[in-house]
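Enquirer: Protein chains in written order, with our numbering: chain A, 1 to 289; chain B, 1 to 434.
Everything labelled a hint here was simulated from the structure, so no lab data went into it.
Some hints here could point you the wrong way.
Unchecked claim - If you want the footprint, here are the derived chain A segments under chain B, 3+ residues with CB under 8 Å:
id, region
1, 37-46
2, 117-130
3, 156-168
4, 181-194
5, 210-221
6, 243-251
Claimed, not checked - Restricting the straight-line Cα-Cα distance to at most 30 Å, the calculated cross-link-like pairs of lysine-lysine (BS3-like) are:
id, chain 1, residue 1, chain 2, residue 2
7, B, K56, A, K6
8, B, K275, A, K136
9, B, K163, A, K115
10, A, K285, B, K49
11, B, K389, B, K407
12, A, K136, B, K152
13, A, K201, A, K113
To be verified - Every beta carbon over 12 Å from chain A, so not counted as near; a handful from chain B, in silico:
id, residue
14, K58
15, K89
16, P90
17, A97
18, T122
19, K138
20, E144
21, Q151
22, L166
23, H224
24, S228
25, K265
26, T327
27, A367
28, N403
29, R408
We treat Cβ as the ideally placed atom computed from N, Cα and C, and that holds for glycine.
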Amino acid sequence: MSWSAKLRNFLQKLSPSQFKLGPQDYEMFRTLMLEADFGPYLTEELLELFRQKNLEIKNIDEATMFLTQKLRDSLIPQSSLNIADTPPSVYLFVGVNGTGKTTSIAKVAHYLKKKGKSVLIACADTFRAAAREQLKIWADRLNLPFIGYPIGGDPAAVVFDALEGARSRNIEFLLVDTAGRQHTDTNLMEELKKIKRVISKKKEGSPEETLLVLDANAGLNAINQARSYHEDLGLTGIIVTKFDSPAKAGFVFAIQKELSIPVKFLGVGEGLEDLLEFSPDIFLKKFLS
Amino acid sequence: MFDFLTSKLQEIFRKLTSRGKLNPEEVEQYLKEIRVALLAADVHVSVVKAFSERVKEKAVGQEVLDSLTPGQQVIKIVRDELIGILGEKPEPLSITAFPACIMLIGLQGSGKTTTCVKLARTFKNQGKHVLLLGLDAKRPAAMEQLAYLAQKEGIPAYLGEGKDALELARTSFQYFKNHGFDLGIIDTAGRLHIDQDLMGELETTKKIFNPRETILVLDSTLGHASLSVGQEFQRLVGFDSLILTKLDGDAKGGAALSIHFITGKPIRFIGTGEKMEDLEVFHPDRFLSRILGMGDMLTLIEKAEKALAVSDKEKLERQLKGRISLTDFLEQLEGLTRMGSIKDLIPKIPGVTPQEADKKMLARWKAIILSMTPEERDAPEIINSSRKKRIALGSGTSVHEVNMLLKRFDQFKNLLKQAKKGTLPFLKNYSIGG
Ligand SMILES: Nc1nc2c(ncn2[C@@H]2O[C@H](COP(=O)(O)OP(=O)(O)OP(=O)(O)O)[C@@H](O)[C@H]2O)c(=O)[nH]1
Ligand SMILES: Nc1nc2c(ncn2[C@@H]2O[C@H](COP(=O)(O)OP(=O)(O)OP(=O)(O)O)[C@@H](O)[C@H]2O)c(=O)[nH]1
Ligand SMILES: [Mg+2]
Ligand SMILES: [Mg+2]
Numbered sequence: 001m002s003w004s005a006k007l008r009n010f011l012q013k014l015s016p017s018q019f020k021l022g023p024q025d026y027e028m029f030r031t032l033m034l035e036a037d038f039g040p041y042l043t044e045e046l047l048e049l050f051r052q053k054n055l056e057i058k059n060i061d062e063a064t065m066f067l068t069q070k071l072r073d074s075l076i077p078q079s080s081l082n083i084a085d086t087p088p089s090v091y092l093f094v095g096v097n098g099t100g101k102t103t104s105i106a107k108v109a110h111y112l113k114k115k116g117k118s119v120l121i122a123c124a125d126t127f128r129a130a131a132r133e134q135l136k137i138w139a140d141r142l143n144l145p146f147i148g149y150p151i152g153g154d155p156a157a158v159v160f161d162a163l164e165g166a167r168s169r170n171i172e173f174l175l176v177d178t179a180g181r182q183h184t185d186t187n188l189m190e191e192l193k194k195i196k197r198v199i200s201k202k203k204e205g206s207p208e209e210t211l212l213v214l215d216a217n218a219g220l221n222a223i224n225q226a227r228s229y230h231e232d233l234g235l236t237g238i239i240v241t242k243f244d245s246p247a248k249a250g251f252v253f254a255i256q257k258e259l260s261i262p263v264k265f266l267g268v269g270e271g272l273e274d275l276l277e278f279s280p281d282i283f284l285k286k287f288l289s
Numbered sequence: 001m002f003d004f005l006t007s008k009l010q011e012i013f014r015k016l017t018s019r020g021k022l023n024p025e026e027v028e029q030y031l032k033e034i035r036v037a038l039l040a041a042d043v044h045v046s047v048v049k050a051f052s053e054r055v056k057e058k059a060v061g062q063e064v065l066d067s068l069t070p071g072q073q074v075i076k077i078v079r080d081e082l083i084g085i086l087g088e089k090p091e092p093l094s095i096t097a098f099p100a101c102i103m104l105i106g107l108q109g110s111g112k113t114t115t116c117v118k119l120a121r122t123f124k125n126q127g128k129h130v131l132l133l134g135l136d137a138k139r140p141a142a143m144e145q146l147a148y149l150a151q152k153e154g155i156p157a158y159l160g161e162g163k164d165a166l167e168l169a170r171t172s173f174q175y176f177k178n179h180g181f182d183l184g185i186i187d188t189a190g191r192l193h194i195d196q197d198l199m200g201e202l203e204t205t206k207k208i209f210n211p212r213e214t215i216l217v218l219d220s221t222l223g224h225a226s227l228s229v230g231q232e233f234q235r236l237v238g239f240d241s242l243i244l245t246k247l248d249g250d251a252k253g254g255a256a257l258s259i260h261f262i263t264g265k266p267i268r269f270i271g272t273g274e275k276m277e278d279l280e281v282f283h284p285d286r287f288l289s290r291i292l293g294m295g296d297m298l299t300l301i302e303k304a305e306k307a308l309a310v311s312d313k314e315k316l317e318r319q320l321k322g323r324i325s326l327t328d329f330l331e332q333l334e335g336l337t338r339m340g341s342i343k344d345l346i347p348k349i350p351g352v353t354p355q356e357a358d359k360k361m362l363a364r365w366k367a368i369i370l371s372m373t374p375e376e377r378d379a380p381e382i383i384n385s386s387r388k389k390r391i392a393l394g395s396g397t398s399v400h401e402v403n404m405l406l407k408r409f410d411q412f413k414n415l416l417k418q419a420k421k422g423t424l425p426f427l428k429n430y431s432i433g434g
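Turn these sequences into a full structure, and let the hints steer you where they fit.
Expert: This is how it looks when you write it as structure tokens:
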């Protein structure tokens, strides 16, 4: 039985015209929520809601509605990208290693370009092997201007020069890629803070977006990542990548509950078109289909 | 107030029974905490459940070590079981016959390319002639990434060309075969386990190379996708072992434990950073402290076990036979005097009447016990009338009082035996940890 079939089964039993929920049903629901990476604490909270609600719900439609509503209510609704009063709007992409920052930059650049916006792509990852080459290939495919320095260069200098370049060429959006780093690495997190400071110094109010890129396949560590990155940088949004995986990314609920950071996009593949604007309905589709 | 008393009573009774056998409620109570710890470490819920059942079976009825509390005893069983699952010692990758190939597979971004070069470096340092083979023609600059890292380590890399992934695989294999390398390390493109086409392609690639070892590379942040990732890669491609990357962060890596649990494939190495030297042999014991998040607790248990091996052994054996010493009795009495509201409690404590609850009385009993020799305390049956006189004199009490104490001690012992068997009504009313 698929995950959502099991969930339907559970919801069915919520209506008293059918049969009542027994301990095994609650246990099954608990398992389902844990499988969706909600984590043990949020799972117990949800279970408690159902315990309280058990008798009031009359049929499966109401039960589904109840769950959808609860889940939707705990998600921050669709939220558009912040735009600078005077261009360029600077978007900084950050996150732990291999989550999909570089690919997401390419996708967001493509998304903006399709809307007729001018975009400059900058690679402030001067650490990882071929990080620059990777992003350059995407920029070339998109036919967009690109700036990046060889390995060992100063990432803050890339950002500085990119801002100059964007201004002089009247470019509306500057997308900045950074090297993946563990949130526990204080030196590397300092470097990232410095990159952000350089941006704000050079252009007041920027970056307009500091976007944390999270892998949908992750478990509860994603919460630690969000917590630390938010504390160090002040995040404005989240991108959940690899959402084409069957993983449900339930950690998003915990993150939004604790930190109230909106999800802006979902990555659903490795191609340029594989980007969805976030909405609670799209996110919840995986749960209830 | 009542809650306070109940919990105090439970505490006492836990003390009284803590040297006995683990009962099901007790085990369940501690297992609950352990289950949460495992879930918080991203161990898959179905693995947590299966594991929890195993521990329960082992634990219920097991004797508690003298130097441990029941909680610690349960953790000890958990640790022993986990060590049993993961293996006592590291199982390093050992390749003895050459030429041979190693192939790395896994989800996107898990760390395959980086780990390929780390591995190549390890074998190069052992004097092997290693070739890196890039098969990822899909991700932009994947080949450049491999080439750069290989060149930095002075390891040759073959970045073939081909219309498609399979042609690339064939030409790469030919190159490897024709150039007399000892070891080929194959970097494959990342893919989702549900992508039937790409999984099929990987299976064919594996057939072309027939690698000695196929390794599934896992990101330590992986969540509950672990189970289907492990199952699908095993079913559709097949792998021999695991490497867990990015353990330099604070992810626990429970996914690797889950996949090991369902496939039995050993975890060979861990990645602890982005640099090429950041590859370590997997150590089950260190990994377990990380997963359980109970480093200190595990050390304590180890200490207790060691101590037990020498001096405590006799004492343990004696207590297991139900032989409680007067020193144990004294400890219990002291526990009582330390608590307030003793009058409310005493009637409920087996073997002690309200009058005796009087603190002064307890003080006198203490004096009596302290006037005994260690042998007398351990084996009160040797206390004859001449010894009683000496003890009474030494403690400033009377022979009558010494007799009283010894009688109470006998009753206490009997009640304790009953308590262990669970036949005492008291235990039903105040079920431990319930
Ligand atoms: N299936 C899938 N794969 C993705 C998605 N986004 C990125 N990837 C893949 O994930 C891998 C890593 O992506 P990158 O964009 O290089 O990740 P990164 O965060 O820039 O990595 P570092 O810079 O090394 O930290 C690549 O193989 C991407 O093709 C997505 O939405 N779905
Ligand atoms: N902190 C840390 N980063 C690591 C470790 N292993 C790999 N990385 C980083 O993780 C990111 C992804 O590593 P890759 O080797 O490119 O991963 P991959 O599996 O080849 O990725 P795809 O080919 O896109 O599927 C890079 O930024 C690596 O530097 C590790 O043990 N610790
Ligand atoms: Mg990148
Ligand atoms: Mg790779």
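Enquirer: Could you check the structure against the hints above and give me the numbers of any it violates, in ascending order?
Expert: The structure breaks hints 3, 9, 19, 20, 21, 23, 24; every other hint is satisfied.
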